[in-house]
Every structure is written in structure tokens, then in C-alpha cells.
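Protein sequence lines, in the order shown, are assigned to chains W and Y.
To convert, note that position 16 of the first sequence is 16 in this note's numbering; the numbers rise steadily by one, no gaps.
To convert, note that position 105 of the second sequence is 105 in this note's numbering; the numbers rise steadily by one, no gaps.
Rather than coming from a laboratory, the hints here were simulated on the basis of the structure.
Cβ coordinates follow ideal geometry from the N, Cα and C atoms, glycine included.
Some hints could be false.
To be verified - Footprint (simulated), chain Y over chain W, 3 or more residues, beta carbon under 8 angstroms: (1) 68 to 80; (2) 110 to 123; (3) 246 to 252.
Claimed, not checked - Here are some chain Y residues pointing at chain W (derived, C-beta under 7 angstroms): (4) 108; (5) 109; (6) 115; (7) 121; (8) 124; (9) 128; (10) 209.
Residue-level listing of the chains:
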Amino acid sequence: MTATPVEHQQASIVFSDVSYRVENQPNRDVISNANLAIDRGETLVLLGRSGSGKTTLLRLINRMLYPNSGEVFVEGRATTEWDPIRLRRGIGYVIQDSGLFPHFSVAENVGLVPKLENWEAARIANRVEEMLNLVGLDPGQYGPRMPRELSGGQRQRVGVARALAADPPILLMDEPFGALDPVTRAELQREFKSLARRLHKTIVFVTHDLREALFLASRIVLLQEGKIAAVSSPDRFLNLHHPEAQAFSASLHERPGAAS
Amino acid sequence: MNFWDFVLLHQAEILYATMDHLLLVFVAMIIAILIGVPLGMFIVHRPVLRSVSLGVSNIFQTVPSLALFGFLIPIPFLGGIGKRTAIVALVLYALLPILRNTYVGLTAIDPAVLEAAEAMGMTARQILWRVRFPLALSVILAGVRTATVITIGVATIAAAIGAGGLGSFIFRGVALVNNSLLLAGAIPAAVLALLADFSLGRLERRLQVR
Chain W
1 MTATPVEHQQ ASIVFSDVSY RVENQPNRDV ISNANLAIDR GETLVLLGRS
51 GSGKTTLLRL INRMLYPNSG EVFVEGRATT EWDPIRLRRG IGYVIQDSGL
101 FPHFSVAENV GLVPKLENWE AARIANRVEE MLNLVGLDPG QYGPRMPREL
151 SGGQRQRVGV ARALAADPPI LLMDEPFGAL DPVTRAELQR EFKSLARRLH
201 KTIVFVTHDL REALFLASRI VLLQEGKIAA VSSPDRFLNL HHPEAQAFSA
251 SLHERPGAAS
Chain Y
1 MNFWDFVLLH QAEILYATMD HLLLVFVAMI IAILIGVPLG MFIVHRPVLR
51 SVSLGVSNIF QTVPSLALFG FLIPIPFLGG IGKRTAIVAL VLYALLPILR
101 NTYVGLTAID PAVLEAAEAM GMTARQILWR VRFPLALSVI LAGVRTATVI
151 TIGVATIAAA IGAGGLGSFI FRGVALVNNS LLLAGAIPAA VLALLADFSL
201 GRLERRLQVR
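Go ahead and model the full structure; you've got the sequences and the hints to work with.
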């Protein structure tokens, strides 16, 4: 199934027969022949084990990496034709370790991309306030703080606010809640789900947690050893016959230490 | 004549030599910083130049200081007798800690921060100036501090090639076996080194970002 030009027009992101290898292992594909069209406004979850190629697939979208063969199209244009700086300014990016700049205040972190885009100071200040409110942080209280003065959950909230600040149509998230304690994680997942519904962004979300995938996704893409093993809606995922999908489904019910 | 009488008698001369010494150190440090910091920034993405420049500045560090002053005397333009030669030698000495700390500070940055910076669409130049450099500043300053303390000590030897400074007391003290003369050079040099270490250390802590 190769994406047609028509699909390129309608979809936000299209992978067309994409393969990716690392230089020192030319015989092993990290991603092999991936074909996938990601629609505008959907929350697509890339699910897979460690090393299955989830993060690689994500980084191919904002041209942190580019394919050895095939093309990735963003908004109808191949990433190799985009100016990488322009491309990335239009794509929000959230990672597990937040990557907040430790020498910038929360407000400066959130306002960075607008500042790079030469917005006026007053407009940046307004936007920062709006974004912090959006992620549930009081701008007056948290704006002037430094990242080290925040909890892990607050840092991830700031990370989301920062990614959304310049109003990009696409949001890439690499296990954004992976390092949080279970209670905070559940809290952020709930809030993020309602946020995603309101914002109508194209969201590509990487996780190895099926529970999280089922909860957040409008569609789940299962990756196994660099190949797309299955594409499914969350409600049908548990009934898939693919062995890797079944392995993931089985993990939902397993309790550590329980005899089977 | 005891030491304190000596100091009182020669206080103008000691003060002059101390200022002279400070001038040598100050000029050498400014030049070493102006070379070391930009070079350190330049070699971040250039591995060949990195090993060459770190290697060469490492070699300068290993040459005994008196020998380095001696080697420079016959070299045209840079060498000869006097302050200019002394400053060249001091710069070569101070270079390694500054260059190495600049490079280490710029590269030892949380990979998540650099990944986020790149993914947000910062250019390589913006990442260097707005992210790497401010985060490396305290490490760079630690290099400047080490270099300053070394330079204050090594500059006493510059008197051997007629560059003046506190070393002139020390060399005379050694030659005349006169402890008062020796101490009149050694004590101010030690105090200068301690003061530089202390004040630069405070500045370093203020610039530290965690």
C-alpha cells in the first residue's frame, strides 16, 4: 500500500515506503518500508517495545533524521525539501526528560519559539500566560520560576505548553509521561486527552504502554522490529490476531508474581 | 634587618613590582581568553582540529616554564628580552585550562536539552550562543580561574628574561641568599594567587546553572 498523491494532500503526515538505517549497521533496517498516512487532527499512537523504531519514526517527521529511501511528507511536502528550521518551528515536540532549558525561567522556556519567530514582547507575554493556563499552571506563580524548582509533573506540563506556544499544527510526543509516578501520570493523561480533543492538532504520540495507548489514541500503530505490524482503532486492538498485538494485550492482564 | 623593616623600607618598590606583576598576568589572561574561548567554541563540531589544538596546548603545559621562556628568546617578533616574550609564554601556559574547559563545558550538556533545542527549530548558531554557551559559562570560568592562578605563579619566573614583576625580588633573594628579598616577592605573589582564586571562585558559583 503506497500512499497516492491525493492522500498527501489530505493527510497531515505521510510515510511513503520509508526505510532508515544507521551508518554503522548498513544491513539492518531500523525502519523498513513504512507506509502510513496520519490524518489532520487525529491522535496517532506509535506503540512498540524498546528498540522497535518508535522514536526513529517520530524523528523522521521533523527531520531530526531523514530516510535512506522513501519520503516522509509533512503538509504535502517531503521533509527533504523543507528547510529543517522552518519545518521544526511548525511542529511541537515533547520528550520524556522535558528538555527544559535550565537557565531560562518557565515563562522564557514557553516563549522561546515565539521569540525565535520575532513576535512582539506583549504578544509573547499574552501567549505564555494563555499556554500556562491551558496546562493548569498559574502564570503568576509559575512563570518566573526556574525549571529546577518544579516537580516532574509540572515540568512536563511546561514542556507541553512550550511545544504548543507557536500554535503548530503538529505535535510530536516521545513518552512524555513515561518518567512520572503513576498518580501524576494518570492525572496528566486525563488532562492531555481533553486538551487534545479541544485543540484539533495532529498528534503523534510514542509509548510502550498499551494502557496509555488505548486511553489516548484515535488510532494505534503497532511497531515490531522496525516494521508496522498492525494499524488499529483502540477498541479493536485487543482482538487483533497479530502475535505482537496479542503479546501486548496479554501484558494488560498480567500481574507481576501471579502464577499463570 | 628583619623582614618587616625591609618591607617598610622598600614598600614603594614592592608595590611597583606587584602592579607590574599584575599587569603581566592581566594582559596574558586577556589574550589567552580571547584565543582559548573562541577556539574552544570553534572545535566543538570539528574533531580533527580539536585533537590538534588540545594536543598542542597540552604540550606547552608540559614544557618547564623556565625552558619555555628560554626557547622564546631567539624567536623573531615574539621573542627577545622583556615583557613581550614573557606575555607570549604566559599565554601559551594559560591556554590549555581555558581551551579544555570551554570545550568540556560546551559539550557536557544534558542531551535532552540539546535535543529539545534542535527540535524546536533553533539554528546551530542559536543553540551555541543561547543554550550551550550560557550553560557552559561556569565551567569556562573555572578554567580561567585555574589559568589565572597558574599564570600568577609562572609570571614570577618571567623576571629571568627581564620582564620585571615580583620574580625580580625572588631571583635577587636567591642570588644574595637574602630571605627578606625572597619573601618580598613570594608573599605578594601568593596573596595575589589566593585573591584571584577566591574572587573568581565566587563569580563561578554565581554563574552556575543547575
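Kindly indicate which numbered hints from before are broken by the structure, ordering the numbers from low to high. When the structure is compared with the hints, numbers 1, 3, 4, 5, 8 and 9 turn out to be violated.
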